[in-house]
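K.L.:
In case you want the letters, here they are:
Protein chains: 2
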Amino acid sequence: MRRRTTKNGKAPMLKVIPIGGLNEIGKNMTLLEFDNQILIIDCGMSFPEDEMYGIDIVIPDFTYLIENREKIVGMIITHGHEDHIGAIPYLLRHVKIPVYGTRLTLGLVGNKLKEHQVVGDLRTIEAGDKIKLGCFNIETIRTTHSIADAICLAIDTPAGMIFHSGDFKIDYTPVDGEPIDFSKLAELGKKGVTLMLCDSTNAVRQGFTASEKVVGETIENIFRTAKTRIIIATFSSNVHRVQKIIENAVKMGRKVAISGRSMENVVALAIELGYLNIPEGTLVDLKMTRNIPDDKLVIITTGSQGEPMSALSRIASGEHRSVKLKKGDMVILSSTPVPGNEKTVSNVVNKLFEKGAEVIYSDIADIHVSGHACQEELKLLHSLIKPKFFMPVHGEYRHLIQHARLAESLGMSRDNIFVLENGDILSVNKRKASLSETHVEADAILVDGLGVGDVGNIVLRDRKLLSESGLIIVVAAIEKESQTVVSGPDVISRGFVYVRENEHLMDEARRVAEEALERCQKKKIKDWNNMKSQVRDSLGSYIYGATKRSPIILPIFLEV
Amino acid sequence: MRRRTTKNGKAPMLKVIPIGGLNEIGKNMTLLEFDNQILIIDCGMSFPEDEMYGIDIVIPDFTYLIENREKIVGMIITHGHEDHIGAIPYLLRHVKIPVYGTRLTLGLVGNKLKEHQVVGDLRTIEAGDKIKLGCFNIETIRTTHSIADAICLAIDTPAGMIFHSGDFKIDYTPVDGEPIDFSKLAELGKKGVTLMLCDSTNAVRQGFTASEKVVGETIENIFRTAKTRIIIATFSSNVHRVQKIIENAVKMGRKVAISGRSMENVVALAIELGYLNIPEGTLVDLKMTRNIPDDKLVIITTGSQGEPMSALSRIASGEHRSVKLKKGDMVILSSTPVPGNEKTVSNVVNKLFEKGAEVIYSDIADIHVSGHACQEELKLLHSLIKPKFFMPVHGEYRHLIQHARLAESLGMSRDNIFVLENGDILSVNKRKASLSETHVEADAILVDGLGVGDVGNIVLRDRKLLSESGLIIVVAAIEKESQTVVSGPDVISRGFVYVRENEHLMDEARRVAEEALERCQKKKIKDWNNMKSQVRDSLGSYIYGATKRSPIILPIFLEV
Chain A
352 MRRRTTKNGK
362 APMLKVIPIG
372 GLNEIGKNMT
382 LLEFDNQILI
392 IDCGMSFPED
402 EMYGIDIVIP
412 DFTYLIENRE
422 KIVGMIITHG
432 HEDHIGAIPY
442 LLRHVKIPVY
452 GTRLTLGLVG
462 NKLKEHQVVG
472 DLRTIEAGDK
482 IKLGCFNIET
492 IRTTHSIADA
502 ICLAIDTPAG
512 MIFHSGDFKI
522 DYTPVDGEPI
532 DFSKLAELGK
542 KGVTLMLCDS
552 TNAVRQGFTA
562 SEKVVGETIE
572 NIFRTAKTRI
582 IIATFSSNVH
592 RVQKIIENAV
602 KMGRKVAISG
612 RSMENVVALA
622 IELGYLNIPE
632 GTLVDLKMTR
642 NIPDDKLVII
652 TTGSQGEPMS
662 ALSRIASGEH
672 RSVKLKKGDM
682 VILSSTPVPG
692 NEKTVSNVVN
702 KLFEKGAEVI
712 YSDIADIHVS
722 GHACQEELKL
732 LHSLIKPKFF
742 MPVHGEYRHL
752 IQHARLAESL
762 GMSRDNIFVL
772 ENGDILSVNK
782 RKASLSETHV
792 EADAILVDGL
802 GVGDVGNIVL
812 RDRKLLSESG
822 LIIVVAAIEK
832 ESQTVVSGPD
842 VISRGFVYVR
852 ENEHLMDEAR
862 RVAEEALERC
872 QKKKIKDWNN
882 MKSQVRDSLG
892 SYIYGATKRS
902 PIILPIFLEV
Chain B
352 MRRRTTKNGK
362 APMLKVIPIG
372 GLNEIGKNMT
382 LLEFDNQILI
392 IDCGMSFPED
402 EMYGIDIVIP
412 DFTYLIENRE
422 KIVGMIITHG
432 HEDHIGAIPY
442 LLRHVKIPVY
452 GTRLTLGLVG
462 NKLKEHQVVG
472 DLRTIEAGDK
482 IKLGCFNIET
492 IRTTHSIADA
502 ICLAIDTPAG
512 MIFHSGDFKI
522 DYTPVDGEPI
532 DFSKLAELGK
542 KGVTLMLCDS
552 TNAVRQGFTA
562 SEKVVGETIE
572 NIFRTAKTRI
582 IIATFSSNVH
592 RVQKIIENAV
602 KMGRKVAISG
612 RSMENVVALA
622 IELGYLNIPE
632 GTLVDLKMTR
642 NIPDDKLVII
652 TTGSQGEPMS
662 ALSRIASGEH
672 RSVKLKKGDM
682 VILSSTPVPG
692 NEKTVSNVVN
702 KLFEKGAEVI
712 YSDIADIHVS
722 GHACQEELKL
732 LHSLIKPKFF
742 MPVHGEYRHL
752 IQHARLAESL
762 GMSRDNIFVL
772 ENGDILSVNK
782 RKASLSETHV
792 EADAILVDGL
802 GVGDVGNIVL
812 RDRKLLSESG
822 LIIVVAAIEK
832 ESQTVVSGPD
842 VISRGFVYVR
852 ENEHLMDEAR
862 RVAEEALERC
872 QKKKIKDWNN
882 MKSQVRDSLG
892 SYIYGATKRS
902 PIILPIFLEV
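Protein chains in written order, with my numbering: chain A, 352 to 911; chain B, 352 to 911.
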């Protein structure tokens with residue numbers, strides 16, 4: 352298992368390279384490369400970690416792709432979630448390539464490109480279609496996930512058949528009636544699959560992920576008994592769930608209003624593309640809901656992850672322009688917190704309860720199901736595909752390890768399982784597979800505003816220090832000829848203490864800086880760098896002694 | 352239910368005031384006040400929220416206690432967890448009062464006071480003891496929790512009997528063989544309890560919390576099969592679990608070494624006070640473990656919450672001085688992540704797996720149990736105590752609401768249940784209870800280094816802004832007479848962009864600042880505040896246009 356290297360044979364090898372996904376391996380992007388031809392699978396973004404101060408999103412490192420842009424034959428997208436499409440505009444700024452995907456997926460990609468003012472060559476396919484990109488013969492296969500129109504990929508290459516699961520769960524009763532194409536998967540397995548790349552998100556969870564139908568039933572039960580206004584938050588991309596909410600609203604004679612920009616956009620797109628089926632007269636403008644009785648209204652909104660600027664957060668804190676919470680309003684969070692969001696979600700839930708709303712969330716009811724396969728589903732897929740080699744992807748390292756063990760427990764040889772990290776290269780053909788000793792650049796690229804990759808470790812370290820104790824600036828004007836201080840030092844702080852209530856401390860700080868400069872003059876120290884470090888050291892120890900804090904201390908001298 | 356106010360009757364009323372606990376109500380401290388006598392129950396700290404940049408801990412607001420210090424008859428502590436004892440040194444700096452608690456609890460308090468160099472009047476009691484503090488006749492009752500020597504309280508007051516559950520679970524098979532004192536609770540219920548305050552932490556969880564024994568069994572199974580070194584992380588205060596780990600180590604012929612300052616301190620204290628029973632020759636110094644074969648060693652360590660500076664984090668990142676991870680080492684995290692810590696814990700788990708360790712954590716095995724009662728246990732306590740009035744405490748608002756509903760489901764009248772927020776006052780006697788219209792100051796007090804409460808919203812807002820986009824400083828020296836710029840403007844940034852790679856941007860920024868100052872001179876603007884805001888506005892829009900970022904812009908002028 353993992354990290355072994357064997358000698359390359361003579362038969363040509365396919366390279367498989369997971370890139371991007373922060374802590375999750377191959378989540379955002381995977382490359383297949385054979386004979387100077389590169390196929391890109393997905394191109395998504397991640398959300399920043401806590402320590403990535405001020406960073407908006409994180410995208411994969413495109414260095415390798417840009418350097419090898421001539422080799423790229425195209426990109427295929429498995430589904431329309433942000434972590435699989437979110438970085439496309441950033442890549443298309445550098446390379447002109449065709450992008451293949453199903454209708455809903457490309458609809459979402461198209462919106463994104465428009466937003467970024469990037470032109471793309473989008474080519475719509477349907478699940479089941481076969482496309483040829485260079486030496487890669489791709490068959491797209493219907494799968495089920497928490498977004499409509501998801502596919503998995505059977506990619507026939509000169510080095511063997513590669514199966515890529517995409518993100519998936521096995522939902523026997525999906526809302527759109529289009530279950531995973533088992534017969535195709537079985538057929539593939541029978542023909543022989545050289546390598547499988549498979550979603551590992553839920554590899555530590557036992558059992559089966561419940562069908563989306565379960566959520567539909569919970570929603571139905573809640574709607575049937577509710578006598579007040581219903582506000583329901585969910586992921587805008589989960590078109591199937593939105594469909595179920597609308598169906599139940601219609602059944603109970605309720606109108607539906609949409610709140611939140613991304614929900615508005617996705618609903619509009621899904622209606623246009625025919626993924627949402629809404630009887631005429633059902634949708635009403637949010638601003639026009641005042642005259643609709645509470646028990647005749649459902650508001651569908653974003654913010655189920657407690658995102659601070661989302662519609663639901665604004666509703667909870669009383670800052671939403673059109674929706675004022677009333678006592679007794681029923682608020683449903685149709686989601687479970689994504690790891691890292693637990694606290695923001697419970698803060699929103701607490702606020703809603705405090706305002707007198709009835710709140711239903713995942714701790715209380717079966718109001719969400721995962722979009723990813725649990726252990727029993729993974730076993731089923733492994734048993735259908737029966738690959739010769741296996742590479743768990745889409746998960747943190749701990750998930751991949753667990754998934755590797757699951758494969759072993761099904762009888763696969765440990766030597767045929769490869770746990771990679773982002774940037775690692777697996778070389779594979781029908782006979783053998785091995786990890787290369789070379790790597791591809793795969794550091795997380797941080798996006799802050801318009802800047803892509805211009806915020807690195809030094810800037811992040813400064814932001815961290817600034818956030819912990821703020822900074823103190825010491826400014827002085829120094830006379831050119833005599834090198835004496837003619838004005839200042841002045842001491843200014845930000846994020847350190849509340850200055851008005853700590854005048855004594857700030858006065859003392861000024862005095863300490865002044866003394867440090869006087870000492871420099873007595874010692875005839877005239878080198879500014881030396882003078883600055885004298886000020887920094889003296890003031891630093893004074894401040895630490897007085898407060899046990901270590902703000903950044905920044906001496907600035909002006910020559911006059 | 353909640354927030355109703357009725358007219359006070361003439362019989363004297365007891366005031367019950369939850370204070371402190373950040374989002375959790377009455378978690379850190381609760382006050383009982385009758386006839387100018389105040390009893391303090393617990394005095395703990397909370398850990399800061401994400402947005403509380405640079406804050407070390409959060410303590411309750413002591414304003415009311417300090418203003419009424421003459422009324423305080425004493426403090427009683429239910430158990431030795433940080434969220435119930437952590438703020439004691441801060442209070443004892445202001446008021447001299449006796450502090451009552453069981454042996455282990457006061458042992459931990461004593462350590463804390465030493466650390467803070469505060470002298471306290473600590474008075475040791477045993478579970479079952481009765482003490483009289485002013486008009487409060489307190490009977491302490493053995494209960495079970497995730498720390499040894501926990502008690503709950505029956506407080507007889509002139510206004511009626513108050514029962515305070517403390518933090519608890521119902522463990523029929525605790526490690527120390529001292530189960531909760533059911534007969535005493537039943538007797539209390541029979542005599543009649545006016546008001547119950549009860550732990551609500553797990554009020555949304557169905558069923559029963561498993562016994563600590565379950566964890567003991569899991570540990571036994573792991574230890575029995577392990578053939579390599581075992582490193583096990585848990586909460587230092589969970590003395591019972593530490594005992595179980597040591598017993599199993601002894602059984603398998605392993606030596607035990609301790610790593611991490613708080614684990615060393617608590618183990619030393621628990622041995623001294625007789626809470627830990629360790630056969631001679633079992634404990635070895637961590638530095639002396641090199642000669643012990645891997646299969647003969649267990650290292651008990653802190654860091655089960657993934658705390659960045661903890662022993663386990665340092666082991667995982669290869670920075671621990673005495674413990675270097677080896678391939679095959681078995682690492683056990685005997686804990687579940689506290690809400691908010693999910694990501695830090697999984698980061699540590701990933702690092703351990705990447706280093707080739709075998710990692711066992713809560714997703715994989717029953718290696719932790721909660722210390723708090725789930726719904727069925729709460730029902731049992733309610734049914735034993737049968738209080739007239741009920742006030743859920745120790746939980747977020749959503750937990751209290753759920754606990755209130757549980758009480759209702761057991762037949763309690765909604766009018767007799769009171770969900771308070773911190774600082775609210777419940778007035779109660781045997782006949783009636785009502786929420787006062789007055790409040791006690793109960794804002795969270797932020798501690799940063801030595802500063803208690805000197806970091807407020809303004810400083811926090813600055814730290815947040817600084818952490819998001821850094822800052823740009825514009826310095827200029829201005830001649831007194833002519834009010835002309837004689838030196839600068841210089842532009843310095845921190846946490847904004849990596850300056851070396853963005854020279855053009857910084858040059859432009861300087862030019863924009865210079866032009867703004869020139870415009871001021873042309874317009875004969877000589878008011879410094881006006882000049883500064885011109886600089887701030889011009890530079891702000893230039894920077895936003897070029898980068899879509901909004902760093903703090905800080906113009907500083909020196910008069911020469």
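Treat each hint with caution, since some may be false.
What the hints assert, rightly or not - Simulated coverage check for chain A against chain B, where a stretch passes if three residues somewhere in it have a Cβ under 8 Å from a Cβ of chain B:
hint, region
1, 401-408
2, 622-634
3, 700-709
4, 795-807
Unchecked claim - Which residues of chain A face chain B? A partial, calculated answer using Cβ under 10 Å:
hint, residue
5, R454
6, I521
7, T524
8, D527
9, G528
10, E693
11, D714
12, Y748
13, Y849
Said to hold, decoys possible - With a straight-line cut-off of 27 Å between C-alpha atoms, the simulated BS3-like cross-links for lysine-lysine are:
hint, chain 1, residue 1, chain 2, residue 2
14, B, K706, A, K899
15, B, K831, A, K899
16, A, K366, B, K706
17, B, K831, A, K883
Just so you know, the hints here were simulated from the structure itself, not pulled from any lab data. The beta carbon of each residue, even a glycine, is placed where N, CA and C say it ideally should be.
K.L.:
Would the hint on Y748/A be counted as holding, given a Cβ-Cβ threshold of 10 Å to chain B?
P.N.:
4 Å, holds
K.L.:
Grab the minimum C-beta distance from D714/A to chain B and call the hint holds if it beats 10 Å, violated otherwise.
P.N.:
Given a least distance of 5 Å, the restraint on D714/A holds.
K.L.:
Holds or violated: the hint that E693/A contacts chain B, with Cβ atoms closer than 10 Å.
P.N.:
At 5 Å from the nearest chain B Cβ, E693/A passes the 10 Å test, so the hint holds.
K.L.:
Going straight from one Cα to the other, do K706/B and K899/A come out at no more than 27 Å?
P.N.:
Judged against 27 Å, a Cα distance of about 36 Å means the pair is violated.
K.L.:
Count the residues of the region 622-634 of chain A whose Cβ falls closer than 8 Å to any Cβ of chain B, and tell me whether that reaches three.
P.N.:
Our answer is that it is violated, as 0 residues pass the Cβ test (under 8 Å) against chain B, missing three.
K.L.:
Against chain B, with CB atoms and a cut of 10 Å, does the hint on Y849/A hold up?
P.N.:
5 Å, holds
K.L.:
Closer than 10 Å between Cβ atoms is the bar; does T524/A clear it against chain B? Give me holds or violated.
P.N.:
26 Å, violated
K.L.:
Taking a Cβ-to-Cβ distance below 8 Å as contact, does the region 700-709 of chain A have at least three residues touching chain B?
P.N.:
Contact hint for the region 700-709 of chain A vs chain B: holds, 4 residues under 8 Å.
K.L.:
With 10 Å as the cut and Cβ atoms as the points, is G528/A at the interface with chain B?
P.N.:
The hint is violated - G528/A has no Cβ within 10 Å of chain B, the shortest such distance being about 34 Å.
K.L.:
Hey, does the I521/A contact hint survive, CB to chain B under 10 Å?
P.N.:
21 Å, violated
K.L.:
Return the status of the interface hint for R454/A: holds when the least beta-carbon distance to chain B is below 10 Å, violated otherwise.
P.N.:
This interface hint is violated because 32 Å lies over the 10 Å limit.
K.L.:
Against chain B, does the region 401-408 of chain A show at least 3 residues with beta-carbon separation below 8 Å?
P.N.:
Per the Cβ count (3), the hint holds.
Consistency note: the structure conflicts with the earlier hints numbered 2, 5, 6, 7, 8, 9, 14 and 15.
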